[in-house]
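Chains A and B, in that order, are what the protein sequence lines are.
Under the working numbering, the first residue of the first sequence carries the number 13, and numbering increases by one thereafter.
Under the working numbering, the first residue of the second sequence carries the number 11, and numbering increases by one thereafter.
You may find that some hints are simply not true.
Stated by the list, open to error - A partial selection of chain A residues facing chain B, derived with a Cβ cut-off under 7 Å: (1) 30; (2) 41; (3) 43; (4) 51; (5) 52; (6) 104; (7) 110; (8) 113; (9) 115.
To be verified - Calculated cross-link-like contacts (lysine-lysine; reagent style DSS-like; alpha-carbon spacing at most 27 Å): (10) 79/A with 54/A; (11) 67/B with 115/A; (12) 79/A with 68/A; (13) 54/A with 23/B; (14) 54/A with 68/A; (15) 67/B with 23/B; (16) 54/A with 67/B; (17) 115/A with 54/A; (18) 68/A with 115/A.
It is worth saying that the hints were derived from the structure and are not from the lab.
Glycine included, each C-beta is placed from N, C-alpha and C at the ideal position.
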Amino acid sequence: QKEVEQNSGPLSVPEGAIASLNCTYSDRGSQSFFWYRQYSGKSPELIMSIYSNGDKEDGRFTAQLNKASQYVSLLIRDSQPSDSATYLCAVPNSGNTPLVFGKGTRLSVIA
Amino acid sequence: KAGVTQTPRYLIKTRGQQVTLSCSPISGHRSVSWYQQTPGQGLQFLFEYFSETQRNKGNFPGRFSGRQFSNSRSEMNVSTLELGDSALYLCASSFQGSTGELFFGEGSRLTVL
């Protein structure tokens, strides 16, 4: 069973700052990585996917993958109060569980 | 394009009862996965169905079961409910499989008294 670890937070950042969310995983063979955002009382929604080492940018979001160190991070530039949510890292598993989720990091952006 | 629809959204049951939850995936998606979400354990995988066949199953007792119909709609059933079954049950659909890009429904929040 793969493990996906995230700091539970809360991570508090001021509005306009960069929020950095980190995730480590146990299986060196993992090939794809996903970030989901979950607002309080809502269901998770996919916001980023990354498959190769390096950075992938989408608007204010940048996913960074370092397979050698087995971590993936999500940077949110110009953080807004509307970014306040729990961010879940997810990695596919070759075993019984198709997608293993970390427990999430709660982000709070303070206006 | 309509999203994933789950019913009912909220329900309250008592210990020992059973419950059936329904999920209609996005049109054209053949994979439906079910997850249980609790504050302490996070998102835990229950099972995945693809073209009416259970493709994967998580580490939950046999009281948890599911099925998928020919139109890809899926149901999950929990029998002999326990207090610990109180959770948000999320259904997610995907086009080919549940190994990455999942589209979640709003969930069914089950409270067991």
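Structure-based check of each hint:
Hint status for residue 30/A relative to chain B: violated, with the closest Cβ pair at about 25 Å, above 7 Å. The beta carbon of residue 41/A is not positioned within 7 Å of any beta carbon in chain B (closest approach about 13 Å), and the interface hint is therefore violated. With a least beta-carbon distance of about 10 Å to chain B, the hint placing residue 43/A at the interface is violated under the 7 Å criterion. Given the 7 Å rule on beta carbons, the hint for residue 51/A is violated: about 11 Å separates it from the nearest Cβ of chain B.
With its C-beta approaching chain B no nearer than about 12 Å, residue 52/A sits outside the 7 Å limit, and its interface hint is violated. Interface restraint check for residue 104/A: the shortest CB-CB distance to chain B comes to about 4 Å, inside 7 Å, so the restraint holds. Because the smallest distance between the Cβ of residue 110/A and any Cβ of chain B comes to about 4 Å, under 7 Å, the interface hint for this residue holds. The interface hint given for residue 113/A holds, since its Cβ lies 4 Å from the closest Cβ of chain B, which is under the 7 Å cut-off.
Given hint, residue 115/A at the interface with chain B, holds; its Cβ is 4 Å from that chain's nearest Cβ, closer than 7 Å. At roughly 31 Å between alpha-carbon atoms, residue 79/A and residue 54/A are farther apart than 27 Å, so this suggested pair is violated. A hinted pair counts as satisfied when its Cα atoms are at most 27 Å apart, and residue 67/B with residue 115/A qualifies at roughly 20 Å. Using a Cα cut-off of 27 Å, the hinted pair residue 79/A and residue 68/A holds, with the two alpha carbons roughly 14 Å apart.
For the hint pairing residue 54/A with residue 23/B, the CA-to-CA distance comes to about 22 Å; that is within 27 Å, so the pair holds. Our distance criterion of 27 Å between C-alpha atoms is met by residue 54/A and residue 68/A, whose separation comes to about 26 Å. For the hint pairing residue 67/B with residue 23/B, the CA-to-CA distance comes to about 25 Å; that is within 27 Å, so the pair holds. Simply put, residue 54/A and residue 67/B have alpha-carbon atoms about 25 Å apart, close enough for the 27 Å limit, and the pair holds.
A hinted pair counts as satisfied when its Cα atoms are at most 27 Å apart, and residue 115/A with residue 54/A qualifies at roughly 15 Å. Annotation: proposed proximity of residue 68/A to residue 115/A holds, straight-line Cα distance about 23 Å (limit 27 Å).
Hint check: violations occur at hints 1, 2, 3, 4, 5, 10; the rest are consistent with the structure.
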